[in-house]
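Chemist: Between the sequences and the hints, there should be enough to build the whole structure, so can you do that?
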Amino acid sequence: MYSKRLKAIGGYFDLQLPSLEEFYPSLIKLNTGRNALEYILKVNGYTCIYIPYFTCEVLLEPIKKLGIEYYFYTLDKNLDPIIDFKIESKECLLYTNYFGIKQATINKLTDLDFNLIVDNSQAFFSSPLPGIDTFYSCRKFFGLPDGAYLQSKLKSSAKFERDVSFDRMSHLLISIDQTIEKGYESFKINNEVLSNNPIRRMSLLTERLLKSIDYEECRVIRNRNFRILHEELSEKNQLSIDTSGINGPLCYPFLAVKENIKRKLISKRVFVPVFWPNVFNWTTSKMFENYLAQNLVPLPIDHRYDEEDMERMINYLKQMI
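Residues 51 to 371 (this note's numbering) make up the sequence shown, in order.
Don't read these hints as lab results, they were simulated from the structure.
Every clue listed holds true.
With a straight-line Cα cutoff of 27 Å, these simulated DSSO-like cross-link-like pairs (lysine-lysine) come out: (1) LYS209 / LYS114; (2) LYS203 / LYS92; (3) LYS114 / LYS238; (4) LYS232 / LYS190.
Since this is a predicted model, take the numbers as computed values, not measurements.
Modeler: Put into structure tokens, the structure is as follows:
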């Protein structure tokens, strides 16, 4: 356990980082998003959870660890949940704020009479609603080794050890000293290391890094870049997107059936992920979620990129579609 010591005077210099404010200072700070979900499931004593087919398989880690029954549900064409089943009092439904653009759906779900868990891993800037269990994965939005925020109706009485993160920084340092590509293997190793960990408090390193970020600048840039892409690509985008409530989204989700778009973009150093490879194993080829995993192109819009970068992606895509 970490204990406070006398402040060191002298010695070598540590990293000099800006001293700003956290975005969610009042939320519970944990090591990972999946551990935040584990916290919610344990403290509520849920016996069953409904999760979307269209989600990352890491969510199953705490569910299986706790031996909780789980069932998948489907989405409609607007990424809204199709709830054609009854959710009992000791059961819950997890809904993902996809790409950070589904806050309106979450607002509607809170009016329904069942236990709701909001996965805001893709919606860092969407504040939690009062009384709704909500968790965030910080490294989806910022250069961090780990870290999660959690709002929970109930509080655990357990005393969690503090995590240590310094040995999970290599991919972040390599990306500066060399290139993103050079750090990719270390990034994958870090992902593996984060698997099957106990619930821990957020590390001091991650907490300090989170206090060095200009969140308003990041949010404004994401909004600007999202709107630039939407203005140019919306007519070709099969996803219907309401931009009125855009608030620092994760990416611009572009859905179009054109062969090898992702591969071609990657060849031009536009690195787009697959959301999510595991969906192919969970679904049939006729399901909408399978179609999404196959054809969705999550275009980067974060604080690292300016208008010129957006135009570059737009030009590439217009040549492809």
